[in-house]
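Protein sequences, first through last, are from chains A and B.
Per the UniProt record's numbering, residue 1 is the first one in the first sequence, and the count goes up by one each step.
Per the UniProt record's numbering, residue 1 is the first one in the second sequence, and the count goes up by one each step.
The set of hints was computed from the structure by calculation and includes no laboratory data.
Do not take every clue at face value.
Identical chains blur together in the list; that is why a pair holds if it fits in one copy or across any two.
[As the list claims (entries may be wrong)] Here are the simulated DSS-like pairs of lysine-lysine, each with C-alpha atoms no more than 27 angstroms apart in a straight line:
(1) Lys48 - Lys254
(2) Lys323 - Lys48
(3) Lys133 - Lys254
(4) Lys133 - Lys276
(5) Lys290 - Lys315
(6) Lys164 - Lys16
(7) Lys133 - Lys281
(8) Lys221 - Lys254
(9) Lys276 - Lys254
(10) Lys16 - Lys290
(11) Lys55 - Lys254
(12) Lys164 - Lys323
(13) Lys164 - Lys221
(14) Lys158 - Lys221
(15) Lys164 - Lys28
(16) Lys133 - Lys48
(17) Lys16 - Lys221
(18) Lys55 - Lys28
2 protein chains.
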Amino acid sequence: MRAIELSFDGNQAGLKINDTAAVPVRKKGQLLIQVQAAAVNRTDLVAKETGNLPKGNPILGVEVSGTVVASESARFPCGTRVMGLVNGGGYAEYAVMNVGNAMPLSEQLTFEEGAAIPEVFLTAYQTLFWLGKLQATESVLIHAGASGVGTAAIQLAKQLTSAKIFVTASSSAKLELCQSLGVDVLINYHEEDFSQRIIQETLGQGVNVILDFIGASYWEKNLASIGTDGHLILIGILGGTIVQDVNLMTLLQKRITVSGTLLTPRSDAYKAELTKEFVAKTSELFAVSKLRPIIDAVFELEKAEEAQQYMASNKNKGKIILKVSN
Amino acid sequence: MRAIELSFDGNQAGLKINDTAAVPVRKKGQLLIQVQAAAVNRTDLVAKETGNLPKGNPILGVEVSGTVVASESARFPCGTRVMGLVNGGGYAEYAVMNVGNAMPLSEQLTFEEGAAIPEVFLTAYQTLFWLGKLQATESVLIHAGASGVGTAAIQLAKQLTSAKIFVTASSSAKLELCQSLGVDVLINYHEEDFSQRIIQETLGQGVNVILDFIGASYWEKNLASIGTDGHLILIGILGGTIVQDVNLMTLLQKRITVSGTLLTPRSDAYKAELTKEFVAKTSELFAVSKLRPIIDAVFELEKAEEAQQYMASNKNKGKIILKVSN
């Protein structure tokens, strides 16, 4: 089969097309999927940059949509349209997926849309509800609101709670997208200090939950923006890893919980439990388009390198998809 | 009544004995307690140092034991022996206590022992189980193992779980006390690097939960000692507030949750819920002496100043109690 693999030129890892990759062998408890679309994720870029093969698989890609072509599952027999996380191997014509990670793909959604759902919506669900403990009448600040996880988190917070939603983004175009999804307070971080705006909008109380992809450069402002008993969830560190002078007294006095998380390295059991709860809470909402994946661009599988460069440029609003032409 | 109050000489706060303090007025939902014993806590020292009156009460003290002398509670009628948290007002002959904070004091325990239980055992319970999510077969590192919260946490972990218990302390006498409570691994932090010992003892896996009273000076070693999905609970900062160079990548890669907490400023509802669960899980264990308060010293109420100085010197193993002679 055709697949996009990491290849090494000395210590430098790059992507190469392999037209004769082996179709993966389905094990017990797995589905073999004929992949129709896969999505590009930052974890794929990190793999290329560091040369570390996630789960040892030379084929990149952690989420796909497609059709089941080999299965022993009564719930997902051959011919079923599915989407879900995979342990690598997504940038390919065929991939294996644990049954516990598979989600039915509604007829209302295209395969490109299906590939745009698992990683960002599951991450958003996990961070908002499992880690952030967001309650119905609380408030949440979502940084990088126009990103894949950002747009998913906005929609989930909007549809599953009555929480007041704050976002930051870098441009009016990105903020318009956030507004269309139902955000209450839009903050262009180039034009104003987000923590001052949040303190003002919450009458000094701060928000209950913050989803942060930025890290070090936002640390002080995040702590100023968060309220008592708040949860700060770190899911990326695009703005640097080292924070100088962290004041632990603030953590104690505000009783703040800071959680670092990554979805990809977690266990299959964790992902399966998350997937199950997510499907129960959201499948109806996807079917009636109250939740919808946001796609920025679709590339052919063979253009994976360009797709990754596009993601690295931070210009996308929503997901970047690789379409597999069979 | 006689009470120990904060008094101000210019900006400098000190303790003074007031022989004509007003007996507090019991409100609906409260008990009036004839106090037999109160305990000294670090929060009292902070109040004296900063001159901030906790909850506006000039009388210090956040936990007492005694006898109910006015009540509308069927569960705690007049004459009942009780112990529990109070919102200030503990260093006195009488104090009011919310019914939700009251715990029955078993006949097997003295009033001095009763006053030694609420703050440290509730804090230890909250941090181990509500924040630290300690599971039966996990592992926990308890810093300052011979302190009030430390000795309570060791006993609760030992009696309510099968977790492997690590402690640090500064002397062999303190470590002997910890050993008598059932600790598995004793670490004298003056003699060895605790993180190296923990990495070695856990075969590189690290511990699941850390209870830390020290803060900044232990930050790096705590992060080295903690395992994947671990919980680091900060309940004090005796070792400094400012951490230089916090690496957020460690939080993400190990998926660490850091929670700052203080019990005293929390809401009455929170304390009542915690008290209720604590009583359900522990009252039998106190009655048969499987859990026991550790008392270091008992002072007369009038010697509150000396009692606080003794706490400030960090020499105590277990609680410092003020006994009220009626």
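Worksheet item: Hints broken by the structure, by number, lowest first?
Response: Violated: hints 6, 10, 12, 15, 16 and 17.
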